[in-house]
Amino acid sequence: MTFDPVAYASAALAGPLLLVLAAFCCLLLPLFFKGLRGVQGMISLGAVLVALAFFRHAPPAQLALFSGALQVSPLSAYLWAFAMGVLALFIALSLARPPAPEGSEGEYYFLAFMAVIGLLVMMAAGDLFTAFIALELLSLPVYALAGIRRSKPGIEAAYKYFMLGAFGSGMTVMGIAVLNALYPSLDFVSLKAAAPADPLALAGFLLVMSGFAFKTALVPFHMWVPDAYEGAPTQVSAFMGAAVKAGGVVLLWRVFSLFDGGPVREIFWWLTVITAVFANLAALGQSGLKRLLAYSSVAHAGYIAVAFFGGTRGWEAVLYYLPVYAMATIGAFGVTLILEKDEKGPKIEDLAGLGRTRPWLAAAMAAFMFSLAGVPPLAGFFAKFYAFSGAVAGGYTSLVVIAVIMSAVSVFYYLRVTVIMYMKPAPAEAAAEPRPTGLAEAVVFLMAAGVLAAGLLSRPLLALAAEAARWF
Amino acid sequence: MSAYNLAALSFLLFALAAAGFLTCGSLVRMLMFLELMLNAANLALVALNPQPASQAYAVMLFAIAAAEAGVGLAILITLAANFKTLQAENIKELKG
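As given, the protein sequences belong to chains A and B, one line each in that order. Take 1432 as the starting number for the first sequence in this note's numbering and just add one per residue. Take 35 as the starting number for the second sequence in this note's numbering and just add one per residue.
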């Protein structure tokens, strides 16, 4: 079969372009056709599912589009399918319990689509400036999504996320300006070829990386995470954990992989250690479920960062880790969504007796917690195992030892959730009548099945990840 | 002014803006410092590299700065309507 670049490019871009179209349909059509008001969610979900159906097994070739700004390859196909899957789940959760005020559903889904389009561009970006523009296209809508309810907790989350996120972007763009002065071109290939030596270039790279670390939520760039996750609508928190973090991870990896050694790797080593230690210790003291999941997301950013030290094997591990973490985290936030009675979400104590009142939901939640903790045979165990084994093979044993110890600490707080669900009796007063959340439950059970399947049968996903990793 | 002086100016501007952002308590001022950070970066983009691509980056950055200011102001207005204040220390509905 001959390779046809035009057919390849149009097949690759059909999905993203469909999302752009759907975004504007959601925003504009209801203005003209009153009958479409309130059904934007269904339109969005349909569009994403069709876009996902466009994905075929990508031909093994890399294609530079838009003079190299986008690099389309099996790697981008893998990441794009992941991002669109997260979007579909996010829309399903939003349909189950709409977070947007009456009348602003159109804006809500438009912002979600724009964020994901930013994420798609970011994952396939061929140069640093494209990556930055995409980062902004991802971030700005998510700031607005966090505050979409215009209520006290929501808007406080939005402002904290905005201020620190924008500060991170400022650092990134200053770093880009410095690198732009020193290098003839900002695309990743020529940045890699021109080995950075002088301190100014180092400062530029560190500024860029700290901006990306804000998005990935590595300590000490994580200050916004607990508040933003707690105050934002739960669906948006799930999106932040699964999608925004994935984008940050891809960009961090791109910059990190420019270096074979030297101070950047050393600084990143320390960032990883601080993240793994601090996030897990801070999570021990949390009483709110959303805050617990927020600190857990910071901790997992640390584990993913450990995988960075494993070279190509590490990249495979990261590509396996992202969907596994996303499934567990979306599932856990889905359970939170089903149980929440106010915007800040349930306390961990509120889960008491769930094992008796809603056994299936409790079982699913337990599966997510065990997967996040890394208990075999769930997918989280294999994700951590691959992430850490790559770093061991790379000679970073001490880093892995610290990460494993902190991962053992994390078992305590994940297990506490499970113990409270099964061991503590339900409070005496009658549990609030469960609101109709069929779609949210469907998402939760789908994710539980996914966490189980990706663990018991980890080969297919791992093979896909390994194939995608070769195109880095 | 030589490129060297302009670089020094933009670094100084960036450092001042970052320091101001981290130390001041008023959210409106923080937003202004954010814009100043972006402008410092813009100055460095324009001054330190004469290539057309670099100048084009600066124009795109204008658009990004404007979008960021737009989202930021919208958030601050909603915040002021909810909390009746724009001092960071008075806004603590959430823990931490």
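Just to be clear, a hint being listed does not mean it is correct.
[Said to hold, decoys possible] As a list, the in silico DSS-like pairs of lysine-lysine whose alpha-carbon atoms are at most 30 Å apart: (1) A:Lys1772 x B:Lys129; (2) B:Lys118 x A:Lys1778; (3) B:Lys129 x A:Lys1465; (4) B:Lys129 x B:Lys118; (5) A:Lys1855 x B:Lys118.
[What the hints assert, rightly or not] Simulated restraints on C-beta separations: (6) B:Ala101 x A:Asp1691: 55 to 61 Å; (7) A:Pro1858 x B:Val93: 56 to 62 Å; (8) A:Lys1778 x B:Gln121: 48 to 54 Å; (9) A:Ala1839 x B:Ile111: 26 to 32 Å; (10) B:Glu123 x A:Thr1788: 50 to 56 Å.
I should point out that these hints are in silico values taken from the structure, not numbers from a laboratory. A virtual CB, placed ideally from N, CA and C, is assigned to each residue, including glycine.
Do the hints match the structure? See the list:
no.: 1; hint: A:Lys1772 x B:Lys129; result: 18 Å, holds
no.: 2; hint: B:Lys118 x A:Lys1778; result: 28 Å, holds
no.: 3; hint: B:Lys129 x A:Lys1465; result: 41 Å, violated
no.: 4; hint: B:Lys129 x B:Lys118; result: 19 Å, holds
no.: 5; hint: A:Lys1855 x B:Lys118; result: 42 Å, violated
no.: 6; hint: B:Ala101 x A:Asp1691: 55 to 61 Å; result: 37 Å, violated
no.: 7; hint: A:Pro1858 x B:Val93: 56 to 62 Å; result: 59 Å, holds
no.: 8; hint: A:Lys1778 x B:Gln121: 48 to 54 Å; result: 29 Å, violated
no.: 9; hint: A:Ala1839 x B:Ile111: 26 to 32 Å; result: 47 Å, violated
no.: 10; hint: B:Glu123 x A:Thr1788: 50 to 56 Å; result: 41 Å, violated
Of the numbered hints listed earlier, those contradicted by the structure are 3, 5, 6, 8, 9, 10.
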